[in-house]
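Read off the chains here:
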Amino acid sequence: MSVLEVKVWRGGADGDYRGYSVPREDAQTVLDVVTHIQRRIDPTLAYRFACRVGMCGSCAMTVNGKPRWTCRTHVAQVARDDRLEIGPLAHLPIVRDLVTDMREFFDKWARAKGEFKPTASRRDDFARVEPASPARRAVDAAIECIGCGVCYAACDVVAWNPRYLGPAALNRAWTLVNDARDGARRERVVAVAGDAGCLACHTHETCTERCPKHLAPTASIAGLKRATAFAALRGEL
Amino acid sequence: MSARTETWAWLAQRASAALLALCVVIHLATMIVAVRGGLSAADILGRTRGSALWAAFYGLFVLAVAIHAPLGLRTIASEWLGWRGHGADAACTVIALALLALGWFAVAAVTL
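Heads up: the sequence lines are chains P and A, in that order. According to numbering that gives the first Met the number 0, the first sequence holds residues 0 to 236 in order. According to numbering that gives the first Met the number 0, the second sequence holds residues 0 to 111 in order.
Excised from the complex, chain P in its bound form (with noise of 0.2 Å):
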């Protein structure tokens, strides 16, 4: 049987990466080894995961220097040499080993109007929308976010501005922008505007490249420029 040679992070912010042997099998996931350490080897591990199918968004670490969920990330598609390297997701506070504190990366959600304002009451009738119209297909394309935090740690911007909102923020803000159930689209604009939000972004696309749900943060951010700026010329803003 051949052996995984993984170092993984421990501690906190001044913490270093420590060496572990897992066993390796078919068919294995990084959090499969995540895992056995701490259940073979070390039990003081702290690593977050939930759902194991790549729905609920908790597992999310940075495996070989990418950040990536590592319940549907398989051992064969990123070992090198049979070597592996697991630590916390970037640009995030880590609370000890893989374990990051989100807070930042929800509170930005919470400051982007990321919330759904209903224009209806219970007792008024289903709102009808065309499946094929513009908007309900841009927010097709964006609805599917589990927010992992990958794209965020995975973004340049994000660790050179502090403040700026991050492409999983946006993207949401952005299937909002386009519901047309929603009555916040004024003040969800302005919350995207200005150099924190949606115009800071450098259309790297690192987050499209690195979502594992295939989602396009990149193309809903370009939507919230579009929108934010055409609300400017309307003084809107």
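Everything labelled a hint here was simulated from the structure, so no lab data went into it. Please note: incorrect hints may appear among the correct ones.
To be verified - Example chain A residues on the side facing chain P (calculated, C-beta under 10 Å, incomplete):
#, residue
1, Met0
2, Ala2
3, Thr4
4, Thr6
5, Arg13
6, Arg46
7, Thr74
8, Ser77
9, Gly81
Glycine included, C-beta positions come from ideal geometry on N, C-alpha and C.
Dock chain A against chain P, hints included.
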């Protein structure tokens, strides 16, 4: 800066970039034609002096540079040096005014 002002600055930088793309092409083509045509400095000055068209073209070129470059430097100062706020904005305004003054003086020197 407010989000509104920042958005207008972003729009101004994009609009000035579009203008610069056009101005640079015309400027380079003019230079190549002038050099290949064997025009001396005196010949060139003879054509630019008193020309409202060249004064307007290069005046606009300078204006686009004075808008575009300081806004780009402001972003570089923010992202690479962590220099943000009123100090950085004031420095970029000074650079914009300096580019405008130097550029327009140069345009005046060859067109008036």
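Going through the hints against the structure:
1. Met0: holds, 7 Å
2. Ala2: Result: holds, 3 Å to nearest chain P Cβ.
3. Thr4: holds, 8 Å
4. Thr6: For A/Thr6, the interface hint holds, since the closest Cβ of chain P sits about 4 Å away, which is under 10 Å.
5. Arg13: Nearest chain P Cβ about 8 Å off; hint holds.
6. Arg46: Since the shortest Cβ distance to chain P is 39 Å, the answer is violated.
7. Thr74: holds, 8 Å
8. Ser77: holds, 6 Å
9. Gly81: holds, 9 Å
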